[in-house]
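Based on the provided sequences and hints, a complete structural model is requested.
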Amino acid sequence: MIRTKASISLILLVSLMVSLVLAVACSRGDSSAWVGATPLEEALSNGKPTVAEFGAATCIPCKRMKPILEELAAEYGDRLNMSFVDVFKQSDLANRYLISLIPTQIFFDTSGQRIASHVGFWPKEDILAYLEELGLL
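Using the working numbering, the first residue of the sequence shown is number 184, and each one after it goes up by one.
If you are wondering where the hints come from, they were derived from the structure by calculation, not from laboratory data.
Just so you know, even glycine gets a beta-carbon here, dropped at the ideal spot from N, CA and C.
Keep in mind that a hint or two might mislead.
Said to hold, decoys possible - With a cut-off of at most 30 Å between alpha-carbon atoms, the simulated DSBU-like pairs for lysine-lysine come out as follows: (1) K272 x K246; (2) K249 x K272; (3) K231 x K272; (4) K246 x K307; (5) K249 x K307; (6) K231 x K307; (7) K249 x K231; (8) K272 x K307; (9) K231 x K246.
Said to hold, decoys possible - Computed beta-carbon distance windows for the label pairs: (10) S300 x D275: 14 to 20 Å; (11) T187 x E224: 52 to 58 Å; (12) V302 x P222: 57 to 63 Å; (13) R279 x T187: 40 to 46 Å; (14) S283 x E315: 16 to 22 Å; (15) T187 x L284: 34 to 40 Å; (16) I298 x E225: 56 to 62 Å.
Printed below as a string of structure tokens:
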């Protein structure tokens, strides 16, 4: 019985240590915003529609989204804001928008009101079609 309690305590301690190491590892890395990204607060107040990508530098689907969103920023930056929010570095924003999975893309109208969202990887063509469907392009 004592040996079982000690084993369970050891397992819990190791689990806690692994969780802490993973949390620190996931919050590191180059999470700087991608080229063409505008800080979310600025984007929502400048009168253009906004696509905000909530993600992290350590997230594989987020890494796949990065070049797509950079292309959109380069091609449509005069008509559309593209914003990147690192959920580990800007957890207040992630909490405000109830982000539970990454990557999540949130679409805002010209007045900064949230009008739609999408979770997961999304090809450029599908994003463009959705932007047109929403009337943002």
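Structure-based check of each hint:
A threshold of 30 Å between alpha carbons decides the hint, and for K272 with K246 the separation of about 16 Å falls inside it, so the pair holds. A threshold of 30 Å between alpha carbons decides the hint, and for K249 with K272 the separation of about 17 Å falls inside it, so the pair holds. Of the supplied pair hints, the one linking K231 and K272 holds, its CA atoms being roughly 25 Å apart against a limit of 30 Å. Distance hint between K246 and K307 is fulfilled; the C-alpha atoms sit about 14 Å from each other, no more than 30 Å.
Under the criterion of a C-alpha separation no larger than 30 Å, the hint pairing K249 with K307 is consistent with the structure, at around 11 Å. For the hint linking K231 to K307, the alpha-carbon distance of about 20 Å falls within 30 Å, and the restraint holds. Proximity of K249 to K231 is assessed by CA-CA distance (about 21 Å); at most 30 Å being required, the pair is judged to hold. Distance restraint check for K272 and K307: the Cα-Cα separation of roughly 26 Å lies within the 30 Å cut-off, and the hinted pair is therefore satisfied.
Distance restraint check for K231 and K246: the Cα-Cα separation of roughly 25 Å lies within the 30 Å cut-off, and the hinted pair is therefore satisfied. Taking the beta carbon of each, S300 and D275 are about 18 Å apart, inside 14 to 20 Å as hinted. In this structure the hint that T187 and E224 lie 52 to 58 Å apart at CB holds, the actual value being about 53 Å. At roughly 22 Å, the beta carbons of V302 and P222 sit outside the given window of 57 to 63 Å.
For the pair R279 and T187, the beta carbons lie near 44 Å from each other, so the given range of 40 to 46 Å is met. Judged by the Cβ atoms, the range 16 to 22 Å given for S283 and E315 is violated: they are separated by roughly 28 Å. For the hinted restraint 34 to 40 Å between T187 and L284, the CB-CB distance of approximately 37 Å keeps it satisfied. Our hint of 56 to 62 Å for I298 and E225 is violated, since their Cβ atoms are close to 19 Å apart.
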